[in-house]
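Q: Sequences listed follow chains A and B, in order.
The first sequence begins at 351 in my numbering and counts up by one.
The second sequence begins at 16 in my numbering and counts up by one.
Hints are not guaranteed to be accurate.
Stated by the list, open to error - Subject to a maximum C-alpha distance of 25 angstroms in a straight line, what follows is the list of computed SDA-like cross-link-like pairs (lysine to any residue):
#1 B/LYS449 x A/GLN643
#2 A/LYS647 x A/VAL624
#3 A/LYS647 x B/ARG45
Unchecked claim - Okay, the calculated bits of chain A under chain B, using three or more residues with CB under 8 angstroms as the criterion:
#4 398–406
#5 450–458
#6 687–695
#7 721–732
Stated by the list, open to error - Covered stretches of chain A (chain B as the covering partner; in silico rule of three or more C-beta atoms under 8 angstroms from a C-beta of chain B):
#8 492–505
#9 703–710
These aren't lab readings, by the way, just hints derived from the structure by calculation.
Think of the CB as a built atom: it goes at the ideal place given N, C-alpha and C, for glycine as much as any other residue.
Residues per chain, in single letters:
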Amino acid sequence: MAATEQTGSRSSTERTGPGRLLYDATVRAIFLQALTAALVVGLFAWLIYNTMVNLQERNLSAGFGFLDVSAGFGISFTLIPYEEGDTYLRVFFVGIANTLLVAAVSIALATIIGLFVGLARLSDNWIVAKLSRAYIELLRNTPLLLQIIAWFFGVFNLLPRPRDSVVMAEAFVLNNRGFYMPAPVPELGFGYVMAAFVVALLGAIALYRWEDARRDRTGKSFPAISTGLAMIVLVPLVVHLALGRPLSWDPPVLQGFNFVGGVSVPPAFCALIVALSAYTSAFIAEIVRSGIQSVSKGQLEAAGALNLPPTWTLRRVILPQALRVIIPPLISQYLNITKNSSLAIAIGFPDLVSVWMNTSLNQSGRAIPIVAMTMAFYCLVSLTVSLVMNSYNRRVQIKER
Amino acid sequence: MALVFESKPDRPPPRDETGLAVWVRRNLFRDVPNALMTLLGFYIAYVVVAAVLDWAIFNAVWEADTRRECLDAVGRSGACWPGVVEWLPNLVYGLYPKDAVWRINLGFLALVLWLIPLWMPRVKSKVAVGLTAVTLYPFLASYFFLGGDKGIVWSALISLGLSGLVWVWATTISERVTGQSIAELLGKTLAGGDNDVLQRRAVRGAGLVLFLAAYGLVSTWSLAEVRTQFWGGLFLTLVISGIGITFSLPAGILLALGRRSNLPVIAVLSTLFIELFRSVPLITILFMFNTMLPLFMPEGMEVNQLARAIVAVCLFAAAYMAEVIRGGLQAIPKGQYEAAASLGLGYWQTTTQVVLPQALKIMIPTIVGNFIGLFKDTTLVSIIGLFDLMNMARAVGEDTDWLGLFIEPFFVVSLTYFVFCFAMSSYSIRLEEKLSAGRER
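All chains should be built: construct the whole structure from the sequences, respecting the hints.
A: Written out as C-alpha cells, the structure is:
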C-alpha cells in the first residue's frame, strides 16, 4: 500500500498539465472510494426500490408489527414453555433456545470424542492409530447433511416401537418416538445441596490458586487438583445424604402406547446430536493432534532433563503450549456447530431456522424482518465468540523479548 | 602366582532392531494394556469390515425387479443393489433427457481435455491454459448443458470457448514437439525471419481465422434447450460446486485485498461483507436468496431457482475464501513489501508478482480444504428443493418399485463424496510437499 503512494506521488511530480491529477495518489484514492461507495449505495437503492414496489404489489409490509400476533402453530419440541396461541416473538425465542440446546450438547460431546480420537491418532499402537485415522477421514470427507439424514432415516427412525423399546438400566429408554431418561425432581432442601456444590467449587478454585502461589514461592507441592475434585464431589454428596436425599428421580414409564414421565427428546434431536458431534469430533481430533504435535521435541527433552514426572510434563509443559495452538480453531469449530445445527430443518427438528425462517416465514410472509432477525442472531453469536477469542489470543500469545 | 588375563563372558548380542517380529512387538504388544488395546482394535476392525462386506457383497441381492423381491430373498441382512443400478443414470445425470446425456459427457470431456496439459511436462503455457479453462471453458460448457437459442453474442462466446480448446491443444502439442508455443511457431513460419511486428500480425490473423472457423461451425449447429429443472444428480452437484470454486478464488482474493486496503471505504465494505456472510449459516443465505431475490428484482424479472442457489453459494464461498487468503497475506513478511517498494513496484505489481504468489502457495492446503468444504456444502441446495446427488439418492426410496430403499443409495452416494473429497485432500498434501520441497532443511 505504501508502494502506491510512493510511486503515485513520484509520478505526480514528474507530470505536469491537466493530466497530472490522474496520477495523483490522493486524488485516485478518493475517486476510487467515491466510485465504490456510489456503486454500493446505488445497488442498495435499486434493491430497496424494487422491494418496496414488490411489497406494495403483494400487499405486504416490512414492519415488525407481526411479532405480537399469535403464531397459531404447534412446535414438536420446545425447551422453553410454548403453546399454540403464543406470539411470533415467542416462536423466535423457542427457536433460539432449541438451537442453543443442540449446540451446547453437541459441543460437549464433540469435544470429548474429539479429544479421545485425537490422542488415539497419536498412539504408538499401530491399529489404534489407524482406526482413529479411518474414523477421522470417513467422517470428514462426507457431507454433514448426508450424515444427519442417514442417522435420522437410517437409524433413529428404524428403532423399535415403544412397546419393544431398548431399555437400559431400567431408566433410559430408546425407541422410534425418541430417547427418554429420568427427570430430576428437586424437593425441599435441594437448594442447600446446590449451595454446597457452589461453595465446594469456589473452595477448590481457591485451593488451586493457593497451591500454585505457594509452589512458586517455596517449591513445595500439594495435590491440589485431586483434593479439589474430591471436594466438589464429596461435599454436596454429604449434604445430600445428611438432608435425607432431597432429590428424587422420575423415570419414564410405559403407559398404553407410549412412555410418560421423565425427560424425553425426539428422534430428530438424537440424530442431530449424534451426527453433529461425530462430524465435528473428527475435525476436533485433527486440531488436538496438530496442537500436540506443534510442541517441539526439545521441550519434551528439556522436561526430561529436569526430571519432571510425566504428569507434570503433560500439565506444565505440553498442555500450556498445545492449548495455545488448539483453542482458536477449537472455538471456531464450536461456532461451526452452532451454525451447522441449522441443518436440523432437513429432519424436522424445530431449531431457529426451521421454526422461524421456514414455518413462520411461510405463514406470515414477512420475509424481510424474519430474515433480518435470524441473521442478527447468528451475527450476535459469532461476534460474541470472536470477541472472547480475541481477548484469549491476546492473553496467551507468546510474549517475546 | 601368575596374573592371567581372563576375559569376561561376552555380553549378549543386542536384540534385533528390525524385522517383522520387532515391529509387531513394538507397535502392537509393547506391554499388557497395549496388547489388550491391540486385540480390541483388531476385533472392532474385524466386526465393522465383516459386517459391511457381508451386507454389501456376500448377502447382497444383485438381480431383482422390486424391493419386495429383495426383502423376500434376504430380508434386511443384505443390500438390494438392483434399485441403485436402475437409478444410476438418474443419480449421475438427474432427469436430463436420456438422448441428450451425451452433451453432459462431452462437456466434462472438454474440461478434462482442457486440464490434461496442466499435468504434462514440458508445457510452458500452463498459466494461460489454466486461465482459459476458467474464463473460456464455462461458455462452451454452459451451451452444451443448457442448449437453446443462441444470438450473435452468445454464439461468439461459444466460439471463443471452442477456439480456446483448439488453441490449448495446438500449443500443447507444439510445445512438446518443438519447445515453442504455437504462437511463436506460427509467427515464424507465416511471417518468417525475425520481424516482430509481422509475426504478431500473423498470429492475430491466425487467431481470427480460428475464431471465424469456430463461429461458422457453431452457427451451423444447435442443441435443444434443456431447462434447469431437469438438472440433477452428480452433474448438478459438480456444476454448483464447480461454479462456486471458480468464482470464490478470484472474488476471495479481491475481498481479502479489499479488507487489507488502506482506503477506508473499501476496507469497511469488504469487512462487512466477509463478516456478515461468514457469521450466518449457508442455509440461511440459501433461504434468503430463495425467498428474497424475487422481492429484490424488478417486477416481472424471474430468476430461476438454480441461479438463486448458485449466487448464494458463490457469495458464501467468496467470503470464506477471503479469510483464507487474508491469512496467507498476513503471513508474508513486511520485508517483501519493502523489497518490492525499493524496486519501484506499484501496488498491483507488488500484489500480483510478489505477495500473492507466496500467499497462495502457503495457503494451498487451506484453500483445497475450503474447496472440499464447498463441495460438501452443495448438499444444502437439496433443502431448497434442488435434486443434487444426495436428494436424488433420497428419491430412489420414493419410487414405487423401490419403496423405502434408503441405505443402499445413501451408501453409494456417501462413497462418491468420500472418493471426491479424499482424492482432493490427498492431492493437496502431495502438491504441498512438492511446492515446499525447496524450503525443507
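Q: Compare the structure with each hint and give your call.
A: Evaluated hints:
1. A distance of roughly 22 angstroms separates the Cα atoms of B/LYS449 and A/GLN643; the hinted pair therefore holds under the 25 angstroms criterion.
2. Taken as a hint, the A/LYS647 and A/VAL624 pair is broken in the structure, with Cα atoms around 36 angstroms apart against an allowance of 25 angstroms.
3. Distance restraint check for A/LYS647 and B/ARG45: the Cα-Cα separation of roughly 22 angstroms lies within the 25 angstroms cut-off, and the hinted pair is therefore satisfied.
4. A count of 5 residues in the stretch 398–406 of chain A with a Cβ less than 8 angstroms from any Cβ of chain B is obtained; the coverage claim is therefore met, three being the minimum.
5. Taking a C-beta to C-beta cut-off of 8 angstroms, the stretch 450–458 of chain A contributes 0 residues in contact with chain B, too few for the three needed, and the coverage statement is violated.
6. Counting residues of the stretch 687–695 of chain A whose CB falls under 8 angstroms from any CB of chain B gives 5; the rule of at least 3 is met.
7. For the stretch 721–732 of chain A, the stated coverage by chain B holds: 7 residues have a C-beta nearer than 8 angstroms to a C-beta of that chain, and at least 3 were required.
8. Given a C-beta distance limit of less than 8 angstroms, the hint that chain B covers the stretch 492–505 of chain A holds, as 9 residues qualify and 3 suffice.
9. Coverage of the stretch 703–710 of chain A by chain B holds. Counting CB-CB distances below 8 angstroms, 3 residues qualify, and the rule asks for three or more.
The structure fails hints 2, 5 (numbered hints given earlier, in ascending order).
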